[in-house]
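K.L.:
Going line by line, the protein sequences match chains A and B.
To convert, note that position 179 of the first sequence is 179 in full-length UniProt numbering; the numbers rise steadily by one, no gaps.
To convert, note that position 213 of the second sequence is 213 in full-length UniProt numbering; the numbers rise steadily by one, no gaps.
It is worth saying that the hints were derived from the structure and are not from the lab.
A quick note: this is a predicted structure, and the numbers were derived from the prediction, not measured.
For each residue, glycine too, the CB sits at the ideal point set by N, CA and C.
Please note that the accuracy of each hint is not assured.
If we take Cβ atoms under 7 Å as the criterion, some of the chain B residues that face chain A in the derived model are [what the hints assert, rightly or not]: (1) Thr58; (2) Ile98; (3) Met100; (4) Ala104; (5) Phe129; (6) Pro130; (7) Ala134; (8) Gly160; (9) Ile186; (10) Leu224; (11) Leu241; (12) Arg242; (13) Asn243; (14) Ser260; (15) Ala263; (16) Ser264.
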Amino acid sequence: MKKREPIGYVYLAPALISMAVLSFFPIAMTVYYAFTNFNLNHMEDYKFVGFKNFVDIITGPFKEVFAPTFAWTFTFALVTVLINFAVGLLLAVLLNNKFMKETNIYRSILIIPWAIPGTIASLAWQGLLNEEYGAINMLLKTFHINPLPWMTDPFWAKISIFIVNLWLSYPFMMNASLGALQSIPPELYEVAEIDGAGWFTKLFKITIPMIVPTALPILISSFAYAFNNFNVVYLVTGGGPARLDTQFAGHTDLLVSTTYKLTMQFYRYDLASAMSIIIFFIVGTISLINMKLTRAFEGGER
Amino acid sequence: MVGREYMTRQDAIVLWISRVIIWVAIILSLLPTWFIIVASVSKGGAFFQSSFFPKEITFENYIELFRKKSSPSQTLPDFVMWVKNSLIVCFGVAFLQIFMTAPAAYAFSRINFVGRKNGLKTLLILQMFPTFMAMPAIYGLLAKFNLLDNLFALILVLAGGSAFNIWLLKGNMDQIPYEIDEAAIIDGAGHFLIFRKIILPLTAPMLAVMFIWSFNGVFNEFLLSSLVLQSPENATVPIGLRNFINNQFSANWPMFSAASILASLPIVIIYMALQKQIQSGLAAGAVKG
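All chains should be built: construct the whole structure from the sequences, respecting the hints.
P.N.:
Now the structure itself:
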């Protein structure tokens, strides 16, 4: 190409400076805090403590908080992505029917939950799932089903989180699947039909095997996103119901909301920082796998 | 799709089963919204959702949202204030982000400087550190400099340059033929003129989508906002609504419903109108040419 032009740095400056000040510096501070005892008891006189915080979290007194929270975060991310994808894919397959003339109308209606601001929708769900007054239990009553303890029972609180997340995210999965379906050559289905394949055979022998490789990067990044999903948990159940053995995390608290509580309620900056670093390593590994898969960094040069 | 255009018996059965499943999905996904609408137009303070259709429709709850509080102890929501705060933060962040992203994308697309080839990759990798990682430090620093509970501090915290946006926009700028630049250079134009008069106007649709996207993202942001903003006067819509509904659920539910509908409607409309562009923006980010 042409000669070097240092003017390029001037164009980059606003972005670079803001990233340095607002992302990298605080992250460096976080890494530093993770190795100190910066907490409510040591606001001014904190000092270096080495790996103590990490040891406390993984094998020490905070194991009680970390291990179950980690297990639930992992389960939550995995299950929620699979459910959302299954529902999204099913709807996409059903909508992708050449005989269905009104399919565009359905698509625009089904997309509505995606367009509603997620935080507001999550808050509304908190109300809908209210055990005494909420509309969902009212609805169950009209069908003569006993009201469910959506907020007070650990199992049903987890189910609530899955329901709300499905409602919020299936439109995205549906859209992504509809896009991916277009890449399957229609000839495959024609050949299958000549061989007498039915609807289910075509779904399991052609559609799913063809769509999963295309959808994999989306699934992995959704997994990473779900891992960090603070809003749904914090706004719907608030992490509750509370656990008896610890005050730091409730039954539905994810690692991120636990970090938030450690920072905001308990001023345990040291533990919160160490926790952030652990989460980063998990999510970072997932993202790396994803980049390898999508080969995001190949090409992209002019 | 090519192939047979007539329907066999089996196709007809599949079609009708599909329709029934889709109708059920539509009902299930609209039901929560319907409950909120019913609650928002129902009468009275204490609320007990007993009917599927409102017995009597009133817009009292909507009108109340715009009424001035006469005393701070009154449980009326400060809806107008929340909207004002949200608008300040959303517009502030969206403008700042465009201001930082556009020149950086231009540099990566058009200017040859040392580090250009690997710079963007490095930025993208560094971007993998999630925002919440900075949470304890941001909170600590803002507390130290007395910047907690400050809307402008929140704008700065949220507006940090986004490598992902730079990457998206650079891809968009790469598609503008370089010959246009060359013609301008022959006419004596420098980078700033090319950037302002050629590249910016041609990428305007993408910039608009990014603006809406970041607006929507900030409107939905809860974690950092609730970390920074503390007093009720500075609450944004989600924070105000959360405190309002957590205070006294049964009594506040009808007005909460009205407020959440009013707050969602503009975003829903924008989203529906720009659905195509937002999707293609997503696709441009996901698929590399």
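K.L.:
A separate judgement is required for each hint: does it hold in the structure or not?
P.N.:
Consistency of the hints with the structure:
1. Contact between B/Thr58 and chain A, as hinted, is not supported at the beta carbon level, the nearest pair being about 18 Å apart and thus beyond 7 Å.
2. With 7 Å as the threshold, the beta carbon of B/Ile98 stays out of range of chain A, its nearest partner Cβ sitting at about 10 Å, so the hint is violated.
3. With a least beta-carbon distance of about 4 Å to chain A, the hint placing B/Met100 at the interface is held under the 7 Å criterion.
4. The interface hint given for B/Ala104 is met, as the beta carbon of that residue sits about 4 Å from the closest beta carbon of chain A, less than 7 Å.
5. Hint status for B/Phe129: holds, given a least beta-carbon distance of 5 Å to chain A, under 7 Å.
6. With its C-beta approaching chain A no nearer than about 6 Å, B/Pro130 sits inside the 7 Å limit, and its interface hint holds.
7. The criterion of a C-beta within 7 Å of any C-beta in chain A is met by B/Ala134, whose closest approach is roughly 3 Å, and the hint holds.
8. Residue-level restraint check for B/Gly160 holds (minimum Cβ-Cβ distance to chain A is 4 Å; threshold 7 Å).
9. Interface hint status for B/Ile186: violated, as the beta-carbon distance to the closest one in chain A is roughly 14 Å, over 7 Å.
10. The beta carbon of B/Leu224 is not positioned within 7 Å of any beta carbon in chain A (closest approach about 10 Å), and the interface hint is therefore violated.
11. Hint on B/Leu241 holds. Least Cβ distance to chain A is approximately 6 Å, under the 7 Å limit.
12. Against a cut-off of 7 Å between C-beta atoms, the interface hint on B/Arg242 holds, since the closest Cβ of chain A lies about 6 Å away.
13. Because the closest C-beta pair between B/Asn243 and chain A is about 10 Å apart, greater than 7 Å, the hint is violated.
14. Interface hint at B/Ser260: satisfied, since its Cβ lies 5 Å from the closest Cβ of chain A, which is below the 7 Å cut-off.
15. Evaluation of the B/Ala263 hint against chain A yields a held restraint, the C-beta minimum of about 6 Å falling below 7 Å.
16. This hint holds: B/Ser264 has a C-beta 5 Å from the nearest C-beta of chain A, less than the 7 Å allowed.
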